[in-house]
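> Please arrange chain B on chain A, whose structure you already have, making use of the hints.
Protein chains: 2
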Amino acid sequence: MVKKIGIIGLGNVGEATIKMLTKYSSLIYQRSGFKIQIKAVCDKKKVKNTIAKKYSIPFEVDAFKLINDSEIDIIVELIGGIEPAKTFIIEALKKRKNVVTANKALLAQHGKQIFSLAKKVNKIVGFEASVCGAIPLIKSISDGLVCCEIREMFGILNGTTNYILTKMSKEKIDFSLALRQAQKKGFAEKNPSLDIDGIDTLHKLSILSYLCFGVWPPLDKVYTEGISKVSLLDILYAQELNYCIKLLAIAKKDGNFLDLRVHPTLISMDHPLSEVSSVYNAVFLETHPAGKLLFYGLGAGGEPTSSSIISDIVNIALQKQKIPQQEEDLKLKSINKIKARYYVRFMAYDRPGVLAQISKILALFKISIASVTQKERNKGRLVPIVMLTHEAYEANIRKAINKIDTLSVIKSPSQVLRIENL
Amino acid sequence: MVKKIGIIGLGNVGEATIKMLTKYSSLIYQRSGFKIQIKAVCDKKKVKNTIAKKYSIPFEVDAFKLINDSEIDIIVELIGGIEPAKTFIIEALKKRKNVVTANKALLAQHGKQIFSLAKKVNKIVGFEASVCGAIPLIKSISDGLVCCEIREMFGILNGTTNYILTKMSKEKIDFSLALRQAQKKGFAEKNPSLDIDGIDTLHKLSILSYLCFGVWPPLDKVYTEGISKVSLLDILYAQELNYCIKLLAIAKKDGNFLDLRVHPTLISMDHPLSEVSSVYNAVFLETHPAGKLLFYGLGAGGEPTSSSIISDIVNIALQKQKIPQQEEDLKLKSINKIKARYYVRFMAYDRPGVLAQISKILALFKISIASVTQKERNKGRLVPIVMLTHEAYEANIRKAINKIDTLSVIKSPSQVLRIENL
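Going down the list, the sequences are from chains A and B.
Start counting the first sequence at 45; every next residue gets the next number (our numbering).
Start counting the second sequence at 45; every next residue gets the next number (our numbering).
Just chain A, with the same shape it has in the complex (with noise of 0.2 Å):
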């Protein structure tokens, strides 16, 4: 049988797709009794044709040439942000086309109204590669856990804050030269800012609460924190006490409270999440009756992607509707309302008391001292004071650094991450 498919974008992804169908399209029908056939292709660049005269396919301008061919069945959108990509969706979407797309941005912000439509139409989106690019991770979670529930979630979802940590922790350089190394290689954009911020880790995670928690959530209502307040010293005080530093997607259920946040993080170096380094994304999960579970792999790159851009195709043309979710009505949790260890970095002057100072203001607001760590002595002169407190209010632990940060022994604002214990 054979599926007749347009693909709009042609940049990494869409290229690597056209590859890809092309080289295995012998193995594809072996498994799937399906020929994939790549009726055009639309860039909006007409350079870009140049690909499609290689492969021999119909090239366009114009997306809207495949959305209103009436023979294409499936519409896979690899152009990336949100317009025209969302018009493109959803014009396919109402010509009654299934819809594969990796646009994760554009999900995190139109996901309700995407797969509202989509299930009025009954069709199927593909978003297999818009979380953990070559990870089959959605359909793990829709189809191999589907009498699971999910209690918690735990995601390195961005390749490129993940690559600058591995590289300050392993080669002890700070983060400015870690992340123009990551320039120097490719794995961060000149603007780095939607991976260093974490605003592309919070839209991932936008759609793993759909998946896992039947929840849209609303972008801004969602703790982010990037990693560009993470210093060297703190990475290697981290180590030192039995930690590594990443950046986390987390999302807890905690009764009809979600609790979703993105944020630098201390793990235990005994959990797998921790070996998770370089450009890899891993998803750490707590379910029942599955117990914890991790899936690992390349979170980008052309050629991955693609691997499940074309598994997407494939499902789709089996008829294999993936398990639709349901929405869930849960509040958000607010930042202020969780409770965490935290690590804690004074930079105080060496001066007899201050520890006596500074533990008097954490005893008011009622946060008890795991572990104290001051190496360094420097009479007079400013040295950094390591602290691991036990569970503490966030509330409580802001207004408790607010305070002391007002100390006449405190230099300069503290440093403040939170711990999980996975």
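The set of hints was computed from the structure by calculation and includes no laboratory data.
This one's a predicted model, so the numbers in the text were calculated from it and none came from an experiment.
Identical copies carry no separate label here, and so any pair may be met within one copy or between two of them.
Below 25 Å or equal to it, Euclidean Cα-Cα: the simulated DSS-like pairs (lysine-lysine) are:
{"no.": "1", "residue 1": "K79", "residue 2": "K164"}
{"no.": "2", "residue 1": "K67", "residue 2": "K336"}
{"no.": "3", "residue 1": "K79", "residue 2": "K167"}
{"no.": "4", "residue 1": "K214", "residue 2": "K336"}
{"no.": "5", "residue 1": "K47", "residue 2": "K163"}
For chain B alone, coordinates are given in the frame of chain A:
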């Protein structure tokens, strides 16, 4: 809609499956639109009637009451072992019923026959629970990696042996003590041979060989070595060299050859597989175009395993036929023909010229030495000498070691373990 099933075998997994189908019935209905109704359960032990009563399900001691029930669409076989499980599954297929099984020993030995019958009668055999208990591995490979060529597979597929190796390494205890502790905790059988001799791992490797490469290997042709000869001394030497020792199932495609083996293996401490501890399982895949992937979770236990069984049931209800695996014509590679790096521990008398004698023989067989560790000095007495080799042929290693073991300076048979550079 309602799907009627019959469950044969009310051990741990059978009971947990009933419990979870009951507990999560509304979750399953909400996600899939199906009510899974357990029409009857069966166990040859009449005393298991109490379980059926608890859930108000009709109980039978005769499995054919279920197999011949025309209302039952799916037979769930959870008794394990070869017979009568094989007969039950074959008869169920002949009665045009779908089958779900967790029976790895049966599939490893008779999978070819069972899957070809299933194909003939156009029914599904769900086997997600047969490898890596709770991990949705089978669906990930067959559906998620549908356009991928799997090139290499490395699996920690047996919780018992991984528990013992983890114990030895973390608590610095020897094999027999760790085994006794595993038995005490219920992680190892009284007769632990199936686990510690690598047979259970071999069964699962056989199923993965079919899934990843389309080959059902003759079990007696797959090199299989258990963990009982791994000593604490080897684990400690390996640690010093930044390796840990895991019982791995290995599958590598090499042209028209398939290299399948089960043996204790040194892997780098920097690899994510090295963090898979205690009773956890994991599979690491080298694929194209999806790249490296790792799946991690619980490999056994009633409730975790029930998650995979129920996902098979629901996916059959939704007519999500798993993508069938084609059989391939690959030859098995003989263990003598593999090339690997080796860890060799000699127990030699500490006399001048010992190293010269050993290395002369290694050179004779074209084996080049990467590193030598001899920490203890004990003039004239026995000391361990540990060598890591560069890549060499297994056949040459065996000949060289046989020859070295006849030297008068060598006391006991030398220990040889393979290293994999993942």
